[in-house]
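Student: Chains as they are written, first to last, in the working numbering: chain A, 1 to 258; chain B, 1 to 73.
Wrong hints could be hidden among the right ones.
Label-pair ranges, simulated between beta-carbon atoms [to be verified]: (1) A60(B) <-> D22(A): 37 to 45 Å; (2) E12(B) <-> S116(A): 50 to 58 Å; (3) R191(A) <-> A60(B): 24 to 32 Å; (4) A30(A) <-> T37(B): 53 to 61 Å; (5) A30(A) <-> E12(B): 31 to 39 Å; (6) G187(A) <-> E17(B): 25 to 33 Å; (7) R72(B) <-> R121(A): 43 to 51 Å; (8) G187(A) <-> T37(B): 15 to 23 Å.
Quick caveat, the hints were computed from the structure, so don't treat them as lab data. Computed from a predicted model, the values in this text were never measured in an experiment. A virtual CB, placed ideally from N, CA and C, is assigned to each residue, including glycine.
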Amino acid sequence: MSVQKCWSELQTMARACRIVVDALDALEAAAALGVTTKEMDRIAREHIEKAGARPAFLGYRGYPATLCISVNEEVVHGIPGPRKLREGDILGLDLGCIVDGFYGDAARTVAVGRASEEAARLMKVTRESLFAGIDACHPGKRVGDIGHAVQTHAESHGYSVVREFVGHGIGTSLHEEPQVPNYGPHGRRERLVPGMCLAIEPMVNAGRAEVEVLADGWTAVTRDRSLSAHFELSVAVTAFGPWILSEPYPYAQEAAHA
Amino acid sequence: MPEAGRETLEVEATVREALPNALFRVELATGTRAAVTAHVAGESSLLRLRPGDAVVVEIAPFDAGRGRIVRRR
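Let the hints inform the model, and build the full structure from the sequences given.
Tutor: Here you go:
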């Protein structure tokens with residue numbers, strides 16, 4: 001059973017998520033030819049600290065940076081370093097922050113310069129898979145319905161879904177119950193109830209689903225070195241449906257008439 | 001940041017019945033599921049399991065009706 005958050009806690013979560021998404025906007029704008037991934041990390045950290053928040057990943061299980069930046073065949077958990085961005089690279093940008101003890105977590109994949117047609121299609125389908133998952137976040141449905149929606153969408157386009165890493169509950173720690181796999185049958189796993197907060201994050205590979213972790217102990221890459229994309233948003237389940245926490249509360253009208 | 005997923009759960013179980021094709025009907029110690037059909041993992045010593053033997057079974061968090069026998073206990 002996951003922890004349900006009350007309205008004021010959701011407000012704080014929303015502030016954290018807003019900061020993360022604003023920082024991702026800044027990072028997306030900064031992703032240019034020749035910029036190093038280390039430089040991207042510095043931008044992320046400055047943005048978060050200027051907003052009065054703390055980086056969530058820095059020091060998490062020994063993770064050495066603020067940002068996870070995963071280039072091309074890297075799936076997730078890429079560590080920023082001296083690598084320079086090149087034309088046509090696709091960058092998975094994953095970022096989290098802490099505001100008043102509550103975590104926000106989001107990710108997106110962006111292209112440096114012009115993406116190849118194949119890369120652009122992969123990113124589009126992965127993003128759509130995320131929203132397919134979010135659309136399943138209604139009270140009474142189950143966590144398995146989210147993964148089923150994500151998997152069905154991604155695989156219908158000929159892509160595969162990573163199994164080794166999963167989305168997660170989020171709140172006063174980065175990873176809470178329940179786990180939110182991006183695959184599996186519908187109708188299974190925990191029942192969704194209002195106040196649950198979930199970080200839904202499909203990782204979709206252009207080739208096969210298998211991944212391996214490099215010697216640094218963090219960077220996950222596709223075993224066949226095919227391209228991989230990753231999109232993530234933190235979502236609260238409300239009585240009216242999903243609330244993407246980085247966006248304004250969408251059900252004010254419904255609530256007023258309830 | 002995605003969490004490293006726990007793929008399977010390990011549960012203690014007791015063999016109830018040997019089925020054809022290296023399958024066994026086992027009863028989980030947790031008692032939540034009366035019986036799962038389990039196949040044996042690799043090791044040939046596990047092929048000689050008999051009813052009553054104590055084993056450890058790995059089950060997927062969602063398909064709880066099936067599992068694999070990982071070792072004796």
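Student: Each hint: holds or not?
Tutor: Against the structure, the hints come out as follows:
| no. | hint | verdict |
| --- | --- | --- |
| 1 | A60(B) <-> D22(A): 37 to 45 Å | holds, 39 Å |
| 2 | E12(B) <-> S116(A): 50 to 58 Å | holds, 51 Å |
| 3 | R191(A) <-> A60(B): 24 to 32 Å | violated, 19 Å |
| 4 | A30(A) <-> T37(B): 53 to 61 Å | holds, 54 Å |
| 5 | A30(A) <-> E12(B): 31 to 39 Å | violated, 53 Å |
| 6 | G187(A) <-> E17(B): 25 to 33 Å | holds, 29 Å |
| 7 | R72(B) <-> R121(A): 43 to 51 Å | holds, 50 Å |
| 8 | G187(A) <-> T37(B): 15 to 23 Å | holds, 21 Å |
Checked against the numbered hints above, the structure breaks hints 3, 5 and satisfies the rest.
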